[in-house]
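Those protein sequence lines, which keep their order, are chains F and W.
Everything in the first sequence is counted per this note's numbering, starting at 27 for the first residue and increasing by one.
Everything in the second sequence is counted per this note's numbering, starting at 12 for the first residue and increasing by one.
In short, the hints are calculated from the structure, not lab data.
It cannot be assumed that every hint is accurate.
Heads up, incomplete: computed chain F residues facing chain W, CB under 7 Å, no partners named [unchecked claim]:
| hint | residue |
| --- | --- |
| 1 | I45 |
| 2 | Q85 |
| 3 | E88 |
| 4 | I107 |
| 5 | L111 |
| 6 | F116 |
| 7 | N122 |
| 8 | R142 |
| 9 | I248 |
Here are the simulated lysine-lysine pairs, DSS-like style, with alpha carbons at most 30 Å apart [claimed, not checked]:
| hint | chain 1 | residue 1 | chain 2 | residue 2 |
| --- | --- | --- | --- | --- |
| 10 | W | K373 | F | K141 |
| 11 | W | K161 | W | K210 |
| 12 | F | K102 | W | K81 |
| 13 | F | K188 | W | K373 |
| 14 | F | K188 | W | K280 |
| 15 | F | K144 | W | K280 |
| 16 | W | K43 | F | K145 |
| 17 | W | K161 | F | K221 |
| 18 | W | K36 | W | K81 |
| 19 | F | K32 | F | K167 |
Quick list of simulated restraints, FRET-style, between CB atoms [stated by the list, open to error]:
| hint | chain 1 | residue 1 | chain 2 | residue 2 | range |
| --- | --- | --- | --- | --- | --- |
| 20 | F | P46 | W | I287 | 30 to 40 Å |
| 21 | W | G303 | F | S169 | 56 to 66 Å |
| 22 | F | E59 | W | G303 | 52 to 62 Å |
| 23 | W | R379 | F | I124 | 16 to 26 Å |
Heads up, the beta-carbon is just placed ideally off N, CA and C, and yes, glycines get one too.
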Amino acid sequence: MSTIIKAINVSKVYHKTTIPVHAVNQLSLSIEEGEFTAIVGPSGCGKTTLLNILGGLDQPTEGRVEVDGTDISIMKDSELIDFRLRNIGFVFQAYNLIPVLTALENVEFIMLLQKRGKKERHDRAMELLERMDIADKANSKPSQLSGGQQQRVAVARALASKPRFILADEPTANLDSSSTNNLLDLMAKMNEEQKATFIFSTHDQRVMDKARRIVTLEDGTIVSDVKR
Amino acid sequence: MQLGSYDRMIENSVRFYTGYIQIHKEGYWKDKVIDNSFIYDPEKLSAVNQLKGVQTFVPRLESFALSSFKSQTKGALVMGVDPGREDELTRVKSKLIDGNYLQANEEGILISQGLANYLKISVADTLVLLGQGYHGANAAGLFPVRGIVKFAMPQQNNQLVYMSLQKAQWFYAADQLITSIALVIDDPDDAQRITGQIKNIFRGDAYEVMDWKELVPDLVQSIELDNISGKVMLWILYLVIGFGMFGTYLMMTAERQYEFGVMISVGMKRIQLQTIVLLEITMMTALGVLAGITLSLPALTYFHFNPIYFGEEAAKAIENFGVEAVYAFSLDPVIFTNQAYAIFIMAIVLAGYPIWSIRKMKPVESMRP
Numbered sequence: 027m028s029t030i031i032k033a034i035n036v037s038k039v040y041h042k043t044t045i046p047v048h049a050v051n052q053l054s055l056s057i058e059e060g061e062f063t064a065i066v067g068p069s070g071c072g073k074t075t076l077l078n079i080l081g082g083l084d085q086p087t088e089g090r091v092e093v094d095g096t097d098i099s100i101m102k103d104s105e106l107i108d109f110r111l112r113n114i115g116f117v118f119q120a121y122n123l124i125p126v127l128t129a130l131e132n133v134e135f136i137m138l139l140q141k142r143g144k145k146e147r148h149d150r151a152m153e154l155l156e157r158m159d160i161a162d163k164a165n166s167k168p169s170q171l172s173g174g175q176q177q178r179v180a181v182a183r184a185l186a187s188k189p190r191f192i193l194a195d196e197p198t199a200n201l202d203s204s205s206t207n208n209l210l211d212l213m214a215k216m217n218e219e220q221k222a223t224f225i226f227s228t229h230d231q232r233v234m235d236k237a238r239r240i241v242t243l244e245d246g247t248i249v250s251d252v253k254r
Numbered sequence: 012m013q014l015g016s017y018d019r020m021i022e023n024s025v026r027f028y029t030g031y032i033q034i035h036k037e038g039y040w041k042d043k044v045i046d047n048s049f050i051y052d053p054e055k056l057s058a059v060n061q062l063k064g065v066q067t068f069v070p071r072l073e074s075f076a077l078s079s080f081k082s083q084t085k086g087a088l089v090m091g092v093d094p095g096r097e098d099e100l101t102r103v104k105s106k107l108i109d110g111n112y113l114q115a116n117e118e119g120i121l122i123s124q125g126l127a128n129y130l131k132i133s134v135a136d137t138l139v140l141l142g143q144g145y146h147g148a149n150a151a152g153l154f155p156v157r158g159i160v161k162f163a164m165p166q167q168n169n170q171l172v173y174m175s176l177q178k179a180q181w182f183y184a185a186d187q188l189i190t191s192i193a194l195v196i197d198d199p200d201d202a203q204r205i206t207g208q209i210k211n212i213f214r215g216d217a218y219e220v221m222d223w224k225e226l227v228p229d230l231v232q233s234i235e236l237d238n239i240s241g242k243v244m245l246w247i248l249y250l251v252i253g254f255g256m257f258g259t260y261l262m263m264t265a266e267r268q269y270e271f272g273v274m275i276s277v278g279m280k281r282i283q284l285q286t287i288v289l290l291e292i293t294m295m296t297a298l299g300v301l302a303g304i305t306l307s308l309p310a311l312t313y314f315h316f317n318p319i320y321f322g323e324e325a326a327k328a329i330e331n332f333g334v335e336a337v338y339a340f341s342l343d344p345v346i347f348t349n350q351a352y353a354i355f356i357m358a359i360v361l362a363g364y365p366i367w368s369i370r371k372m373k374p375v376e377s378m379r380p
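Full structure from sequences and hints, please.
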């Protein structure tokens, strides 16, 4: 398996009222293609900051991040946006579906930004909704869906652009137990069947139980990295 | 409403009195004496009448005289007119409140209501007029009152006496002479163009051709002066609307920070997001403008055809300033389009804030709870 993401000596320092806070501190990490990785640790340990840096949403203060050998730390804003569109899928804690669009249209939206054809968009969106067991809700608006259903649509949306990897920031934080298990099963299935690479930040033990690699952070540094 | 009232004032002064263009003997406008009268040239007037936009022309012989009835006397402006043509310009027939309108070569006169009230004269009474005729001749005559007309403008209502042109020429010993020719034109905005063309026709001759802005400069100036207060109010209103719109954009931008952050995170280019926001603002503004026009139009239309007249005491006070005591409403489409443009320009300028905000937005910070 090839390395998709390589973080090399990455640091992120915030200056809160001139006192420097090291959110991520000299961290190095490699993610291989097809991994199902959970980044865990207590609140404030730097999970979300690391995820943002890996996803090109935030720039490291020091070090660099390579995706498929390309250094994204030096990319311009417009290049990064295009890079994210073509290479990275995002799943957010609060789902963040566009409320005026149906589930199908939300999934198609990313492909629309990628300027893909109408038929291709529709077929791919329907295929993903079917895989996520939510095809029957294709024409429902987000307000008509439960939290679990919305998050499944969000995962379908993240997969729609055929990204190199998917970053999920606490994807189960707002879900009940049944929805969490359902979502994790579906994501694990996508990981196995489609070799989709997932990187989660989470507190959730159920996510950790499903993960095949657990990276534990403390004070912005990796304190353990366990593959199972 | 303010512009509607101005239109009404102009209409009363110009449309119902001076006409939009006048032709005189050179020097008449500065020294309005009957000696500055002229014999009009039918050939040249025929050429004027054929100009595009000219409806008709109205010859007049005007001068002042002392009017008297029993023990009352008052200065009067005597207008010798062609009754048929004059009605085309001033619709004076419609202002008749008592008696009958003048006939051609009529012996009698029409008297304005204010003057009639002052002299305490009624229809069928005889008015004495005394004055100075052409080249110092004595002008004196007795004229039966055929009718009483009421004008909106107090200056007209308190001093006008109408008689037939032939009778006025006889009274002032000014046979074949007139002091002015007023023109009726299709569109007041064409007055300047037509004035230029008439000047070409009368080039080299001792005539002066004036458009309505030159004929009533005091009215134009007083409207311009009064309009300053209107413009100040309008700018204050724009300021209030502008702050209202800016507040809306500010809220919209603040409330959608998270959404914008997500959109940019997942790969939407900033320029795409800015375009969408600009489109939203344009559509909202268009809807607002259309709703405003739709909601205001019925009320404006009603008041345009049913202007608000002041009560008796207030009316008297206002008429003392020489203004008709009425709130008139304009339906000029230019007013609506100008306001629509103003709102659109404000919307586009103020849209700079959300567009700038999207440009400067950091998705990570925007998505932070």
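Which constraints among the numbered hints does this structure fail? Numbers only, ascending. 1, 2, 3, 8, 9, 11, 12, 16, 17, 18, 19 and 21
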